[in-house]
Each structure stands twice: as structure tokens, then as C-alpha cells.
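**Student:** Kindly generate the complete structure, drawing on both the sequences and the hints.
Numbering (numbering that gives the first Met the number 0), first residue to last: 0 to 351.
These are calculated hints, taken from the structure and not from any lab test.
Please read all numbers here as calculations on a predicted model, not as lab measurements.
All clues given are correct.
Computed Cβ-Cβ distance ranges for the label pairs, DEER-style: (1) ASP309 to ASN166: 16 to 26 Å; (2) ASN166 to ASP303: 25 to 35 Å; (3) ARG149 to GLU241: 52 to 62 Å; (4) GLY99 to ASN301: 32 to 42 Å; (5) LYS169 to ALA333: 13 to 23 Å; (6) GLU275 to LYS300: 18 to 28 Å; (7) GLU12 to ARG274: 47 to 57 Å; (8) TYR6 to TRP250: 19 to 29 Å; (9) LYS66 to PHE345: 50 to 60 Å; (10) CYS323 to GLU275: 23 to 33 Å; (11) ASP264 to GLU305: 17 to 27 Å; (12) TRP250 to LYS153: 32 to 42 Å; (13) PHE329 to LYS235: 36 to 46 Å; (14) GLU241 to ASN166: 29 to 39 Å.
In silico DSBU-like cross-links for lysine-lysine, where the CA-CA straight-line distance does not exceed 30 Å: (15) LYS233 to LYS201; (16) LYS337 to LYS292; (17) LYS47 to LYS13; (18) LYS276 to LYS312; (19) LYS337 to LYS169; (20) LYS235 to LYS216; (21) LYS283 to LYS216; (22) LYS66 to LYS153; (23) LYS300 to LYS326; (24) LYS337 to LYS300; (25) LYS216 to LYS296; (26) LYS78 to LYS66; (27) LYS292 to LYS235; (28) LYS300 to LYS343; (29) LYS13 to LYS209; (30) LYS326 to LYS292; (31) LYS201 to LYS18; (32) LYS216 to LYS300; (33) LYS47 to LYS169; (34) LYS47 to LYS283; (35) LYS276 to LYS216; (36) LYS169 to LYS283; (37) LYS312 to LYS169; (38) LYS47 to LYS216; (39) LYS18 to LYS216; (40) LYS326 to LYS73.
Note that the Cβ used here is the ideal one computed from N, Cα and C, for glycine as well.
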Amino acid sequence: MLWVDKYRPQTLEKMDYHKELSQRLSDLAADGDIPHLLFYGPNGAGKKTRILALLRALYGSGADRVKLDRREIKTPSNKTVEVTTSSSNYHIEMNPGDAGTNDRFVVQEVIKEIAQGGSLHSKTGRVGYKVVVLVEVDRLTRQAQAALRRTMEKCASSCRLVLSCANPSKVIDPVRSRCLGIRVAAPTDAEICVVLQSVAAKERLVLPDKLAARVAKASNRNLRRAVLALEAAKVKQYPFDEECPIEPPDWEAYVHSIAQDITRDQSPQRLLACREKLYDLLSKCVPADVILKTLVKDLLKNLDDELKPDILKWAAIYEHRIQCGAKDIFHLEAFIAKFMSLYKHFIADMFG
Numbered sequence: 000m001l002w003v004d005k006y007r008p009q010t011l012e013k014m015d016y017h018k019e020l021s022q023r024l025s026d027l028a029a030d031g032d033i034p035h036l037l038f039y040g041p042n043g044a045g046k047k048t049r050i051l052a053l054l055r056a057l058y059g060s061g062a063d064r065v066k067l068d069r070r071e072i073k074t075p076s077n078k079t080v081e082v083t084t085s086s087s088n089y090h091i092e093m094n095p096g097d098a099g100t101n102d103r104f105v106v107q108e109v110i111k112e113i114a115q116g117g118s119l120h121s122k123t124g125r126v127g128y129k130v131v132v133l134v135e136v137d138r139l140t141r142q143a144q145a146a147l148r149r150t151m152e153k154c155a156s157s158c159r160l161v162l163s164c165a166n167p168s169k170v171i172d173p174v175r176s177r178c179l180g181i182r183v184a185a186p187t188d189a190e191i192c193v194v195l196q197s198v199a200a201k202e203r204l205v206l207p208d209k210l211a212a213r214v215a216k217a218s219n220r221n222l223r224r225a226v227l228a229l230e231a232a233k234v235k236q237y238p239f240d241e242e243c244p245i246e247p248p249d250w251e252a253y254v255h256s257i258a259q260d261i262t263r264d265q266s267p268q269r270l271l272a273c274r275e276k277l278y279d280l281l282s283k284c285v286p287a288d289v290i291l292k293t294l295v296k297d298l299l300k301n302l303d304d305e306l307k308p309d310i311l312k313w314a315a316i317y318e319h320r321i322q323c324g325a326k327d328i329f330h331l332e333a334f335i336a337k338f339m340s341l342y343k344h345f346i347a348d349m350f351g
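**Tutor:** Here it is in C-alpha cells:
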């Protein structure tokens with residue numbers, strides 16, 4: 000088992016940071032009648048960990064007895080959409096964004112099924128509703144979010160929704176206004192260092208303070224990434240030393256190579272080679288918006304200030320198209336082609 004799963008806190012009381020937030024969630028669970036919730040914050044901040052701990056506080060150990068299901072949902076056009084869900088007797092968790100442009104049918108069907116199941120009696124004796132956990136709701140289409148708003152109003156008596164997202168500005172106002180917002184901020188580097196030292200102590204490892212600080216800084220305040228990086232460093236070299244290399248994830252190095260390629264050469268052949276690399280990344284389940292964001296960050300490091308606003312403008316346009324479309328590869332490749340065109344014209348004008 001990976002350390003990030005092995006040492007994940009199981010209860011709200013055992014959280015290593017954001018103690019005030021943990022207390023607020025404990026108070027909500029003690030009351031029993033929680034509203035719809037919207038957890039938001041950057042990746043690796045601890046949203047999922049706190050949601051699972053909240054479910055344990057509401058339902059006891061029964062919330063841990065989960066099973067994975069592969070569900071088939073039929074759309075009005077008789078198309079079958081497959082989604083993976085994780086469920087217990089008390090809750091169901093899913094990522095409806097995996098269904099692409101058919102996400103609105105998935106949202107309606109699953110929530111309707113839960114709501115029709117009627118009330119339940121938890122071991123704590125206080126909770127008479129089920130919980131539907133929807134992750135990455137900022138990836139949902141506008142139609143799915145509108146369907147979610149209508150469903151939230153109808154099912155409030157028999158189930159509660161717990162939503163999770165990284166960017167709340169991509170969630171429509173009617174959905175946000177029906178939820179209690181819970182902001183989970185990214186941990187500071189100092190808080191990440193404390194967690195890393197705790198994990199190292201449990202594994203009976205000696206972790207130099209300087210190495211812990213370097214891992215924390217390289218993680219960009221993403222705790223999950225920091226713990227994974229520490230485990231990778233341990234596999235590569237132990238005992239640790241302060242100058243132990245911290246390798247970036249393979250997919251990130253791959254994106255960096257794409258950035259280098261398209262700044263060196265702007266040709267149809269290079270674009271075709273980049274398409275193959277993009278296919279490789281998407282097949283490894285790296286989200287298209289993450290690829291685009293990482294690529295743009297790499298490109299901006301070596302660009303002239305005059306060109307940066309144009310690149311950022313087109314990155315925003317293609318990110319929006321990724322959200323609206325069904326074929327991520329089209330929009331990623333189109334952004335690279337647009338960058339090549341802008342960069343080539345800029346170089347020609349400069350040295351002309």
C-alpha cells in the first residue's frame with residue numbers, strides 16, 4: 000500500500016492541519032442534519048480525506064465498507080454510458096465528469112436512484128438520509144450542473160450532496176448557492192514538512208530537515224505529491240542525504256519535453272510528433288486541462304514578455320473548449336499549432 004493511503008487520517012480529530020475546519024466539520028456531524036456541502040481547494044489539499052472522515056463521523060465504521068460497481072446508464076438516445084461508483088449502505092461516490100458530455104444523464108439517474116431508496120437508520124441513530132459524493136464537479140458541463148441544481152431541490156429530504164472541486168468559479172451560481180461552502184486551503188510548506196517527518200517516523204526512517212523542506216517546496220503545496228515523492232526517494236536511495244535528487248513525475252517530464260520540442264522547431268512534422276506524445280499522456284489518464292496548464296507554465300518560462308499575453312489568452316480559450324468538447328486531443332493539438340504559429344511569426348518579426 001502506498002504511504003499516501005496507508006497514513007491517511009481516518010477521523011477529523013487526527014487531521015494534521017486546518018484544525019479549526021476539522022472542528023467545524025465535527026460540529027456539523029454531531030448535529031446530524033448537514034446541508035448540501037461544496038468542498039473546494041487545490042489538488043492535494045485534503046478535500047477527499049476530510050469528506051471521508053465526515054462520513055465516518057456521520058455513519059460510523061459502516062461508511063468504510065465500500066464496494067466498487069460498474070454501472071451502465073442509458074441515455075434518451077439509447078446510448079449506454081459506463082461509470083464507476085464506490086458505495087456503502089450509507090453513501091455513493093462517483094466522478095460524473097468521466098461520462099463526458101453525457102454527464103447530466105449520469106447525475107440525474109444516480110441521484111434519483113439514491114433518493115428513491117427512502118430513509119435509512121445509521122448506527123449513530125441520528126442520520127436518516129444517504130449522501131451522494133460527487134468529485135470534480137467543476138468538470139461537469141453546464142447542462143449537467145443545471146440538472147444537478149434541479150435534483151438538489153427534489154431530493155433534499157432523502158439524501159444530501161457533498162460536492163468537491165478545485166475551481167469553484169466553474170460551478171454555476173445556483174449550485175453554489177444551495178451548498179455550504181467549505182474551503183480547504185493548500186497546506187503550507189512547514190505543515191507539509193511536519194507530515195513528512197511524521198510519515199518517516201512511522202516508517203522508522205531518518206529524514207533530514209533540509210530534504211523534507213526541498214520535497215515540500217518541489218510539491219507546490221500538494222501534500223499527496225509530497226508524500227509520493229518521499230516514498231519514491233526512499234525507493235531510489237536510502238539512507239537519505241540532504242542533496243538526495245527529487246525527480247519530477249514522469250508525465251511532467253514528458254510535458255516538459257513537448258515544450259522544448261515546439262520552441263525549437265515549428266513544423267508539421269513536429270506537430271505530428273507532439274500529437275503522439277499527447278495521446279500517450281491522455282492514455283495514462285493525465286487530465287487534458289492539467290496537461291495544458293503544465294505545458295503553458297513551461298512555455299512561459301522562456302518566452303519574451305511581449306508574447307506572453309497572447310499565449311495566455313489562447314490557453315484560456317482552449318481550456319474552455321476542452322471543458323465544452325468531447326475530444327481533448329483536438330484542443331490540445333490546436334493549442335500547440337496556435338503556439339507554433341504565434342512563436343514563428345514573433346521570431347520572424349524580431350530577426351526579420
